[in-house]
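First to last, the sequence lines map onto chains A and B. Residue numbers for the first sequence follow full-length UniProt numbering, beginning at 1 and rising by one. Residue numbers for the second sequence follow full-length UniProt numbering, beginning at 1 and rising by one.
Everything labelled a hint here was simulated from the structure, so no lab data went into it. Watch out, some of these pointers could steer you wrong.
Heads up, the list lumps identical chains together, so a pair's fine if it works in one copy or across two of them.
Taking lysine-lysine pairs in the DSBU-like style, the calculated list, with each CA pair at most 35 Å apart, reads [said to hold, decoys possible]: (1) 30 to 104; (2) 114 to 30; (3) 104 to 18; (4) 18 to 137; (5) 18 to 114; (6) 30 to 144; (7) 30 to 18.
What follows is each chain in one-letter form.
There are 2 protein chains.
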Amino acid sequence: MRMTVTDQYLANNAEYAKSFNGPLPLPPSKHIAIVACMDARLDVYRALGINEGEAHVIRNAGGVVTADEIRSLAISQRLLGTTEIVLIHHTDCGMLTFTDDDFKRDIQAEIGQKPEWAAEAFSDIDEDLRQSLNRIKNSPYITKTSSLRGFVFDVATGLLREVS
Amino acid sequence: MRMTVTDQYLANNAEYAKSFNGPLPLPPSKHIAIVACMDARLDVYRALGINEGEAHVIRNAGGVVTADEIRSLAISQRLLGTTEIVLIHHTDCGMLTFTDDDFKRDIQAEIGQKPEWAAEAFSDIDEDLRQSLNRIKNSPYITKTSSLRGFVFDVATGLLREVS
Numbered sequence: 001m002r003m004t005v006t007d008q009y010l011a012n013n014a015e016y017a018k019s020f021n022g023p024l025p026l027p028p029s030k031h032i033a034i035v036a037c038m039d040a041r042l043d044v045y046r047a048l049g050i051n052e053g054e055a056h057v058i059r060n061a062g063g064v065v066t067a068d069e070i071r072s073l074a075i076s077q078r079l080l081g082t083t084e085i086v087l088i089h090h091t092d093c094g095m096l097t098f099t100d101d102d103f104k105r106d107i108q109a110e111i112g113q114k115p116e117w118a119a120e121a122f123s124d125i126d127e128d129l130r131q132s133l134n135r136i137k138n139s140p141y142i143t144k145t146s147s148l149r150g151f152v153f154d155v156a157t158g159l160l161r162e163v164s
Numbered sequence: 001m002r003m004t005v006t007d008q009y010l011a012n013n014a015e016y017a018k019s020f021n022g023p024l025p026l027p028p029s030k031h032i033a034i035v036a037c038m039d040a041r042l043d044v045y046r047a048l049g050i051n052e053g054e055a056h057v058i059r060n061a062g063g064v065v066t067a068d069e070i071r072s073l074a075i076s077q078r079l080l081g082t083t084e085i086v087l088i089h090h091t092d093c094g095m096l097t098f099t100d101d102d103f104k105r106d107i108q109a110e111i112g113q114k115p116e117w118a119a120e121a122f123s124d125i126d127e128d129l130r131q132s133l134n135r136i137k138n139s140p141y142i143t144k145t146s147s148l149r150g151f152v153f154d155v156a157t158g159l160l161r162e163v164s
């Protein structure tokens, strides 16, 4: 039987657990939440020097703020005491390579039904990051924010560039 | 002026970039997507031995599958070629500590308005993991899956336990 990647990762996990020291406390010790793209090249803990237990890490396609990120941030702030928020988009993002209309038509062609949700594709990384910042600023449910900043991660250099 | 955690993480990032080798290709080289809780103690890359460029990592409060995770997984599969999916919930989760009704009432008491979304709190970690597995199985938009498995990460031991 072929070994899946999941099986390989399970074997890695058994090794990881051998030197694991837990449990740490539940609330993030640095009171911060990161919202980042799911991109495989962005290892958020390493790229920001985050240690275990410090920060909530929320990720999706694009690092776009949708209702589910508002849900996660509201829980993060109200129940677990975070106040800083960092958004991270990145260069060479897959979300720059298609349009919502084409994506939906492709799904419709395969299964005869269009998604009822927006794919959230975008054509300008800085503009979309500002969109996501504004969705947080404009949400009535995110009320404990002490700092909100957005960055673009450069997949060539590993550096964050702030967008204001 | 007080240095924020965001400022500290930016300083860490400048160090990280000094030894960064990029860019890697955009599609995940191991063709896998992970959906995990945002919990600060779960360093997904380290816990599964994931190297940069291998896997999409999607995270939110609880590791619950909502419309936004279906969106991210559909983009991951259709545009970037992933076929395996791993879901990760964990012990001592914040989502076990409240109810949707109480959470919504608390927000209503503060701002005079209830969220229009579910908070997705749960009382049984295995049962909620099965819920999320079923939401993927039942979604018409996730059509390229070769493997779908769910695990509970133990924050005391660092080990994954499979739920079937």
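Taking the hints in turn, this is what the structure says about them:
In the homo-oligomer, the alpha carbons of residue 30 and residue 104 lie at most 35 Å apart only across protomers (26 Å), although the nearest pairing inside one protomer, at 40 Å, exceeds that limit. For the identical chains of this complex, residue 114 and residue 30 are inter-copy neighbours only, at 28 Å across copies versus 41 Å inside a copy, given an alpha-carbon limit of 35 Å. In this homomeric assembly, residue 104 and residue 18 never come within 35 Å of each other (Cα to Cα): the closest approach is 45 Å inside a single copy and 41 Å across copies. For the homomeric pair residue 18 and residue 137, the shortest alpha-carbon distance between copies (33 Å) is at most 35 Å, but the shortest distance inside one copy (43 Å) is not.
Proximity of residue 18 to residue 114 under the C-alpha cut-off of 35 Å is found in neither arrangement, the shortest distances being 46 Å within a copy and 45 Å between copies. Taking the shortest alpha-carbon separations for residue 30 and residue 144, only the intra-copy value of 15 Å comes in at or below 35 Å, while the best inter-copy value is 39 Å. Taking the shortest Cα distances, residue 30 and residue 18 sit within 35 Å of each other both inside one copy (26 Å) and across copies (24 Å).
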